[in-house]
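Asks: From first to last, the protein sequence lines stand for chains A and B.
Numbering-wise, the working numbering comes out as the position in the first sequence, counting from 1, plus 2.
Numbering-wise, the working numbering comes out as the position in the second sequence, counting from 1, plus 2.
A few of these clues could be false.
Where chains are identical, the list cannot tell them apart; a pair therefore holds if satisfied intra-copy or between any two copies.
[Unchecked claim] For lysine to aspartate or glutamate, the following EDC-like pairs were computed, each having C-alpha atoms within a straight-line distance of at most 16 Å:
hint	residue 1	residue 2
1	K183	E259
2	K183	D282
3	K104	E15
4	K183	D233
5	K404	D188
6	K211	D233
7	K277	E373
8	K277	E15
9	K407	D233
10	K20	D80
11	K401	D333
12	K204	D80
Note that these hints are calculated values from the structure, not bench results.
2 protein chains.
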Amino acid sequence: MDGLLGDAMPLIEPRILKGFRDYLPEVMVPRVRLLRRIAEVFERFGFEPLDTPSIEYAEILLGKLGPEAEKLFYRFQDNGGRDVALRYELTISLARVVAQYKDVPRPFKRYQMGPVWRAESPARGRFREFWQCDVDVVGSHSLLADAECLAIDHAVMQACGVRNYRIRFNNRKLFRGLQEKLGLQDSRAMDAVMRSVDKFDKIGEAGVKAELQGLLGHGGFTEAGLAIVLDFLALGARELRLDERVAALHAFVGGAEAGARGCAELAEVLAYARKQGVPDSVLHIDPTIVRGLDYYTGTVFETFLTDVPGFGSVMSGGRYDGLIGLFSGEDVPAVGISVGIDRLISGLEELKLLPPARSSAQALVALFNAEITPYALEVAGALRTGGINTEVWLEPGAKLQKQLKYASRKGIPLVLIAGPDEAAARRVTIKDMAKGSQEVVALEHAAAAARTALAGS
Amino acid sequence: MDGLLGDAMPLIEPRILKGFRDYLPEVMVPRVRLLRRIAEVFERFGFEPLDTPSIEYAEILLGKLGPEAEKLFYRFQDNGGRDVALRYELTISLARVVAQYKDVPRPFKRYQMGPVWRAESPARGRFREFWQCDVDVVGSHSLLADAECLAIDHAVMQACGVRNYRIRFNNRKLFRGLQEKLGLQDSRAMDAVMRSVDKFDKIGEAGVKAELQGLLGHGGFTEAGLAIVLDFLALGARELRLDERVAALHAFVGGAEAGARGCAELAEVLAYARKQGVPDSVLHIDPTIVRGLDYYTGTVFETFLTDVPGFGSVMSGGRYDGLIGLFSGEDVPAVGISVGIDRLISGLEELKLLPPARSSAQALVALFNAEITPYALEVAGALRTGGINTEVWLEPGAKLQKQLKYASRKGIPLVLIAGPDEAAARRVTIKDMAKGSQEVVALEHAAAAARTALAGS
């Protein structure tokens with residue numbers, strides 16, 4: 003900002019925009035750790051990071067979206083008069099990348115983590131800036147890729163330490179089979195049916211039934227059809243093992259070609275997921291899973307923390323074979339997952355699976371007095387070399403009590419103290435803040451002793 | 003994007019805005035690793051992550067900046083008619099956070115890594131969106147904090163594997179001493195002198211001299227003064243050890259109180275930096291270092307890769323005791339570092355210190371034929387459990403040649419292959435792509451064998 007400072011001016015009130023957030027360290031420390039852990043899972047499955055601009059031409063970001071959607075964008079003219087916008091999600095930029103760089107090897111297996119912006123009304127759990135964590139396989143029709151998504155879903159849950167969760171999955175082709183069984187020629191009528199089914203989790207079976215009754219007589223939707231839809235949905239709740247449920251669904255919609263194909267895909271994805279170590283106990287085939295009307299074409303899935311009922315899905319995705327070709331005109335199949343990182347963090351908090359907010363510093367080296375400073379710096383250096391995140395108290399002359407209070411407020415587990423005698427003997431006292439205990443060790447053993455104390459605290 | 007897809011439309015040309023970048027995996031993989039390593043250094047010194055909104059009220063982000071600066075902002079009205087902007091840098095938001103959350107413990111030692119946006123004309127190495135990596139100590143006047151910045155600078159260079167680099171540091175109070183020695187009452191005249199000195203690296207001593215000659219007669223700047231400034235700057239180039247240079251500078255500007263104070267600070271920071279293990283060989287006290295006219299008040303420093311001459315500073319910072327109080331009206335001292343991540347990456351590339359662009363996947367499990375798929379998934383699972391980033395080929399029926407070519411293009415070092423006989427015997431062939439060698443191992447030893455092969459490749 004060289005040469006740009008203007009004159010003194012009155013104080014400006016410190017505040018942020020509604021729907022935006024500051025992540026202070028106590029929130030940010032576990033968040034960064036979790037994001038790293040998730041990225042590690044993605045990389046373990048051979049996915050590579052991608053990043054794309056936050057600002058793009060509006061025509062790119064809006065893609066095929068209609069005027070309703072445009073209102074949700076942060077869209078403006080840049081200083082060169084270009085019509086630009088902040089990205090609303092990450093998938094459209096992935097589609098652009100795939101079309102723009104022809105030599106990217108396919109299948110393109112990438113993950114991307116970063117903020118997106120939506121000009122929505124802020125509400126509890128709904129923000130104008132939030133992070134998306136997406137992992138996608140682009141360029142493969144293989145159902146191995148769909149199964150890999152379920153395996154990654156399972157691996158992320160394991161990496162988060164979640165014991166009880168359910169991956170509920172379905173295949174959109176079943177709804178095409180259902181449409182044929184219902185004899186609905188009018189695809190708008192079927193869309194209306196699916197829109198109601200999509201609300202199953204929120205409004206329950208009775209709610210869906212009420213909505214469907216409102217559709218009677220539209221586009222050929224009849225009382226008999228309504229009963230068929232409810233029977234179809236009820237197949238999700240019956241006490242059946244996974245293979246039995248596939249068979250039951252096949253018996254129901256397999257008469258139509260699309261329905262039979264959907265059931266075969268469910269069976270194949272299930273078989274591959276099992277071979278990748280996903281246990282039956284976390285899988286549930288669920289005909290009520292729709293995931294909206296747009297772009298999904300086959301496998302769809304959502305993930306629920308069973309110990310936090312009514313919480314919503316923390317990770318979801320599916321196959322969308324039409325979207326990625328938007329900029330290239332090619333047929334580019336794709337399947338992916340999006341981790342709902344904010345909701346996942348809230349869920350882990352409720353489950354007490356996020357480590358308590360605690361400093362990323364593991365030790366504070368106190369300053370006994372100003373003269374001791376050089377020795378304190380040596381102590382800190384020894385700890386850091388030993389791999390321990392170490393802060394040094396910066397103000398010579400502060401009372402030890404104040405320094406201990408600072409460590410306690412920040413949740414730093416160890417405080418190292420040396421007075422003149424200890425410095426002369428090249429020793430240091432390690433105080434364990436939680437236990438209140440302390441021990442005196444030689445400087446050359448300080449890092450090892452601190453490590454032991456941290457492991458036990 | 004549920005319910006928002008409009009009708010089919012003509013193809014949109016895939017392109018990005020000038021000054022913005024896609025980071026494809028071959029660029030992103032080393033970038034992510036480097037950012038992680040730098041964050042680890044920051045945490046090793048007890049700093050904690052912070053994140054703040056990308057969009058804030060324009061009046062906050064503009065702070066005390068004048069109308070010249072405003073043109074460089076992405077500034078617009080949001081849908082609610084609020085005057086907002088994208089953040090231009092990270093420090094102003096840090097100042098806001100410190101004023102807004104009174105209970106953040108001080109000193110507040112935070113780091114922040116994230117994109118900033120500048121509506122500048124794009125040029126080689128100058129982008130409209132780029133990342134800043136800042137680490138700052140807020141709330142301490144202690145020179146221990148200044149020295150800690152030098153120690154972190156040194157530690158980042160070490161973590162990057164750089165052997166030859168120079169941290170050139172100075173203290174802005176020396177210029178106050180110089181001003182007194184020059185007898186310049188008019189601080190605008192001194193500002194003009196400093197603005198010329200600030201260009202020393204770009205235009206050399208002769209260039210600075212020519213500029214200073216243009217200032218003669220303005221605000222009391224004389225020929226004698228010009229000679230004094232040149233003598234002062236020449237103190238940076240003399241063959242002197244660090245303590246000798248401090249003494250020489252003291253002899254030159256120590257007659258003025260501010261000059262004496264600046265030299266004492268240099269000596270103290272140097273002593274603390276040495277105690278933190280920063281070797282004399284990488285330190286250089288340099289009176290030509292100014293770092294612009296704004297906000298720096300004491301220690302200033304820049305970091306140069308000595309094996310890449312003329313490259314500019316890759317990491318810089320200093321003490322700025324006036325800025326953080328902008329929103330609170332308090333006196334809040336601060337000192338920090340900013341890593342020029344783009345320039346650092348370019349420098350490491352020139353020094354061949356960035357690992358060659360290579361996939362984050364370490365192994366590809368090939369598909370011999372469709373029947374072998376379940377066994378291939380088992381092999382992949384065994385490798386992943388063993389901590390190896392593993393991709394599975396997704397298309398049954400592809401020729402092995404094609405699969406090997408894919409691994410080679412992506413730079414995946416190992417390919418694991420099993421035919422029906424190997425599957426029956428629960429064995430697998432590990433092919434080392436670089437060496438061209440291969441070995442057959444039992445499935446239960448596959449991860450260990452792969453690890454050995456990776457260590458040797």
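Asks: All hints are to be evaluated individually against the structure, with a verdict given for each.
Replies: Going through the hints against the structure:
no.	hint	verdict
1	K183 to E259	within (11 Å within a copy, 92 Å between copies)
2	K183 to D282	neither (30 Å within a copy, 82 Å between copies)
3	K104 to E15	between (50 Å within a copy, 13 Å between copies)
4	K183 to D233	within (12 Å within a copy, 93 Å between copies)
5	K404 to D188	neither (74 Å within a copy, 44 Å between copies)
6	K211 to D233	within (11 Å within a copy, 89 Å between copies)
7	K277 to E373	between (65 Å within a copy, 13 Å between copies)
8	K277 to E15	neither (58 Å within a copy, 41 Å between copies)
9	K407 to D233	neither (63 Å within a copy, 50 Å between copies)
10	K20 to D80	between (23 Å within a copy, 12 Å between copies)
11	K401 to D333	neither (70 Å within a copy, 22 Å between copies)
12	K204 to D80	neither (41 Å within a copy, 32 Å between copies)
When each numbered hint is compared with the structure, violations occur for hints 2, 5, 8, 9, 11, 12.
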